[in-house]
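Participant: Just add 4 to the spot in the sequence shown (first one is 1) and you have the numbering used here.
Derived from the structure by calculation, the hints contain no laboratory data. Be aware that a few hints might be false.
Each computed EDC-like pair below joins lysine to aspartate or glutamate, with the alpha-carbon atoms no more than 16 Å apart [to be verified]:
(1) K116 / D75
(2) K222 / D204
(3) K82 / D100
(4) K116 / D100
(5) K127 / D100
(6) K82 / D113
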Amino acid sequence: MRFPRTAVLASVSVGALVFGMTGAAGWAGNRGGNDGRTNGLRAIGLTGHGNVLVRFSTTNPGDLDRIGTVDGLTGDTKLVGIDFRVQNDTLYGVGDLGGIYTLETSDADATKVSQLTVPLLGKFFGVDFNPAANALRVISNAGQNLRHSFATTPAGPTTMDGNLNYEGVPAMGVTGAAYTNNDLDVNTNTTLYDIDTVLDQGAIQAPANQGDLSATGKLGVDAGQNAGFDIYSTVDGGTTVDVDGFATLR
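Work the whole structure out from these sequences, hints included.
Facilitator: Spelled out as structure tokens, the structure:
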């Protein structure tokens, strides 16, 4: 498939990015809607050094609406990434010590639901749910590539997949990750896209479990190390018909 159209929201100082809709409980781009390039989407971001949730429009990203300070972390001191899970339309966050939480989009209250069984390695992280596998992907600027399954109850354990690499050369700058096609159609495939903020480029991670990266093109900006990245899926009849990528780079 083609690379999703990507808008860079460079003025937003957030380290993670997911999509929500005014008046809705929140979602990960799995519900149908208007094209974000023309009408704007409501996004949820993580800022305040990983402790504050905010909401903003992609057409006016500098105008942040504070949701609240994240409350309820157990052992963790902050969140390193957030994403919505299409299976239950719920926002999740990953803590710096590997705790996995559900997050209320009304007040940022956190409830611990799982725990990574592999310690996190790195400073900046990309977090995204694979809608087809019902698994959480966590990647880092240190080349880490983790997979935490939610297909069983309780979730986990965590699988340490192959380190991120470009044809065998370690990739030490990938800080954003997002899957395409957030729907529940069993016939829909999904592709994992990454953002490398050291090389200032996008990449496809395939096979995702091996960590193999193929560059797709330059970002066109000199990105800071931390990236927020998510892909919005326009859904019609339960199936994705279009995708748009959005990134916060600083």
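Participant: For K116 and D100, compute the direct alpha-carbon distance and say whether it is at most 16 Å.
Facilitator: Judged against 16 Å, a Cα distance of about 13 Å means the pair holds.
Participant: Within 16 Å, alpha carbon to alpha carbon, are K82 and D100?
Facilitator: 6 Å, holds
Participant: CA of K82 to CA of D113, is that 16 Å or under?
Facilitator: Holds. K82 to D113 sits at ~13 Å (cutoff 16 Å).
Participant: Regarding the pair K222 and D204, is the alpha-carbon distance no greater than 16 Å?
Facilitator: 6 Å, holds
Participant: Given the hint that K127 pairs with D100, test it: the Cα-Cα distance must not exceed 16 Å.
Facilitator: Judged against 16 Å, a Cα distance of about 9 Å means the pair holds.
Participant: Does D75 lie within 16 Å of K116 when you go C-alpha to C-alpha?
Facilitator: Holds: K116 and D75 sit about 11 Å apart, inside 16 Å.
In terms of the numbered hints stated before, the structure departs from none.
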